[in-house]
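Generate the whole structure from the sequences, applying the supplied hints.
Residues per chain, in single letters:
Protein chains: 2
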Amino acid sequence: MADELPDADTLRILILTDTHVGFNEKDKVRGKDSLETLEEALQIGKNGRADLILHGGDLFHENKPSRGCLFRTMNLLKQYTMGSGEVAFEVVSDPACFGTGQVNYKDPNLNVECPFFMIHGNHDDPGGESNLCAANILEVGGLCNYFGRHEDLEDIVIRPILLVKGKTRVAIYGLGNIRDERLHRAFQAKKVRFETPVDTEKWFHVMILHQNRHKGNKGAVPSKACIHEEMLPSFLDLVIWGHEHDCQVKPQESLRGEFYVMQPGSSVATSLSPQEAGLKHVALIDVKEGVFRCNPVPLWTVRPLVMRDIVLSETGLLKTDTQQKQKQRSIAKPKCRI
Amino acid sequence: MADELPDADTLRILILTDTHVGFNEKDKVRGKDSLETLEEALQIGKNGRADLILHGGDLFHENKPSRGCLFRTMNLLKQYTMGSGEVAFEVVSDPACFGTGQVNYKDPNLNVECPFFMIHGNHDDPGGESNLCAANILEVGGLCNYFGRHEDLEDIVIRPILLVKGKTRVAIYGLGNIRDERLHRAFQAKKVRFETPVDTEKWFHVMILHQNRHKGNKGAVPSKACIHEEMLPSFLDLVIWGHEHDCQVKPQESLRGEFYVMQPGSSVATSLSPQEAGLKHVALIDVKEGVFRCNPVPLWTVRPLVMRDIVLSETGLLKTDTQQKQKQRSIAKPKCRI
Ligand SMILES: [Mn+2]
Ligand SMILES: [Mn+2]
Ligand SMILES: [Mn+2]
Ligand SMILES: [Mn+2]
Chain R
1 MADELPDADT
11 LRILILTDTH
21 VGFNEKDKVR
31 GKDSLETLEE
41 ALQIGKNGRA
51 DLILHGGDLF
61 HENKPSRGCL
71 FRTMNLLKQY
81 TMGSGEVAFE
91 VVSDPACFGT
101 GQVNYKDPNL
111 NVECPFFMIH
121 GNHDDPGGES
131 NLCAANILEV
141 GGLCNYFGRH
151 EDLEDIVIRP
161 ILLVKGKTRV
171 AIYGLGNIRD
181 ERLHRAFQAK
191 KVRFETPVDT
201 EKWFHVMILH
211 QNRHKGNKGA
221 VPSKACIHEE
231 MLPSFLDLVI
241 WGHEHDCQVK
251 PQESLRGEFY
261 VMQPGSSVAT
271 SLSPQEAGLK
281 HVALIDVKEG
291 VFRCNPVPLW
301 TVRPLVMRDI
311 VLSETGLLKT
321 DTQQKQKQRS
331 IAKPKCRI
Chain B
1 MADELPDADT
11 LRILILTDTH
21 VGFNEKDKVR
31 GKDSLETLEE
41 ALQIGKNGRA
51 DLILHGGDLF
61 HENKPSRGCL
71 FRTMNLLKQY
81 TMGSGEVAFE
91 VVSDPACFGT
101 GQVNYKDPNL
111 NVECPFFMIH
121 GNHDDPGGES
131 NLCAANILEV
141 GGLCNYFGRH
151 EDLEDIVIRP
161 ILLVKGKTRV
171 AIYGLGNIRD
181 ERLHRAFQAK
191 KVRFETPVDT
201 EKWFHVMILH
211 QNRHKGNKGA
221 VPSKACIHEE
231 MLPSFLDLVI
241 WGHEHDCQVK
251 PQESLRGEFY
261 VMQPGSSVAT
271 SLSPQEAGLK
281 HVALIDVKEG
291 VFRCNPVPLW
301 TVRPLVMRDI
311 VLSETGLLKT
321 DTQQKQKQRS
331 IAKPKCRI
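Chains R and B, in that order, are what the protein sequence lines are.
Numbering follows the UniProt record's numbering, with no gaps: position 337 of the first sequence is 337.
Numbering follows the UniProt record's numbering, with no gaps: position 116 of the second sequence is 116.
It should be emphasised that the hints constitute simulated quantities derived from the structure, not laboratory data.
Quantities reported herein were computed from a predicted structural model and do not represent experimental measurements.
Be aware that one or more of the hints could be misleading.
When chains are identical, the list treats them as one kind, so a pair holds in a single copy or across two.
What the hints assert, rightly or not - Once the Cα atoms are required to be at most 30 Å apart in a straight line, the calculated BS3-like pairs of lysine-lysine come out as:
1. 250 x 224
2. 46 x 64
3. 190 x 202
4. 250 x 215
Listed below in structure tokens is the structure:
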């Protein structure tokens, strides 16, 4: 799949999420990790001849990225999304959903070859006096198409972006992060509506959201502080789940078997948890008419996180042996690298 | 002059400085003043068919402009500098002086019709962990050409940007703000050097700087905390003085008669001083071969600042008359509007 151009009816999308650029940026050793992995992901999209990039939120780790972080991210987006290549798909929905009133590659003053689409996460959500987010700065700089912002929580109307490439029609429903309890309540109260294109069955329906995902009753999250797959409409074909850092990139059938769910996971470990320890991935998905194929691509720049259990009672240490405790500490340290 | 296209040998430059965008932005009445006047200035450049815009620093009032301020400024620059019109001059000096390695209108992925060039002021100077300034964000967004940054204060080498339009050759020497005492010392110690193009006499030499200006011994500024005209080299033809908010836009001959000095002044009053109370201006200058003409244009969006002296002893008030004092206060108030 990679290196070959997608055919005239195949829309190829680089899927990534939770890149958390700027995470730990003051750390002398790990400070550049998040940015390097963002670049690796963008490189995968370029080498893989993606038609577009779709980001699931938490692009930035900080709501107000540092100047250096914003600058370097803009530089990367400029490098990987602008160029003289042709965009082979059309946006046929109302471009008024974008802040600039048009999708960036239609701006006559910009040459965009691989447009970047994104929703916001909880880390980079809009707010403050201006009620803007970092994505708005990227947008006015011609570097992204920001969508999926819903301000009226009493009436959340999700209008898809409609993309057409040859015979393939893809509707993308964006839902930027909303506080989980509030969104849960809005779903329960039927205050979340999806607008669908006419000839609904001729479209491939993708939803991208950034919320806690219900993991059954085993999880620590109360069931009202997350979104259950069953709450999402059955006409969807594929749901891209952002916010969950665990990489479950291979599409899984939803509980009721109505759609697939893929959860790309974060591209940098932001916590010392087993969920962050697995191999990280992005994915290239090919949509051709009504079907899709997912090609997960591992990220090799990610710093390995190794977790191991130590059973103290088996170490032969005496509880009162201070010297041994010191020694044990120095042993335990390298076992938990991030 | 305005409304007519400059001829093929005339380089027309919109000159502005100290726009202090974001000044007082939380003020409910005056919050948008600085941005509105920036737009008025850009409009003057557009209507006046300027070939380029040259800004003398303090574009932003805050070193870290708020998100809304940055966003709206970027939006204005996008609106007024990008477009399908042709740029009628050439930059023939090494474009490595720009952070992106090229002047923005030469970027094949951008359509720039009226390029914006700027130096930094003391308000928007580079620093912090990244050692960047707000201008670098504009630059990576394709919205400005930032120059005149000198990092080695032991050896300040001012290399001009060389612009050619028809028979006219203009060399622009940029010097972004440096702490006045340090720059003064560097000049005295001959650590400031100017590189000039070959055939120096065939060029029109413009210097743009952002420093305290020596005003004789009457001023409050110690003479080592400012730059004296006599310190600047005599081959210059025109010096554009930023930082001084007083509008002295009409070019004045320097003390030794070697060059002209124009001081456009701020476009928003940032202090309650007589210097800020005059009518504000920007200027369109036409350079044709060795000569220039300056066309000052008043800014009408600037909120009038009226200053009047009140001699309390002439008001007929008794010192102990509290009621009268109250009354006087309510009279005095409207006399000092900003
Ligand atoms: Mn995240
Ligand atoms: Mn998140
Ligand atoms: Mn100023
Ligand atoms: Mn200043």
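Open item on the list: Could you work out which of the previously given hints the structure breaks and list their numbers from low to high?
Closed with: Violated hints: none; all satisfied.
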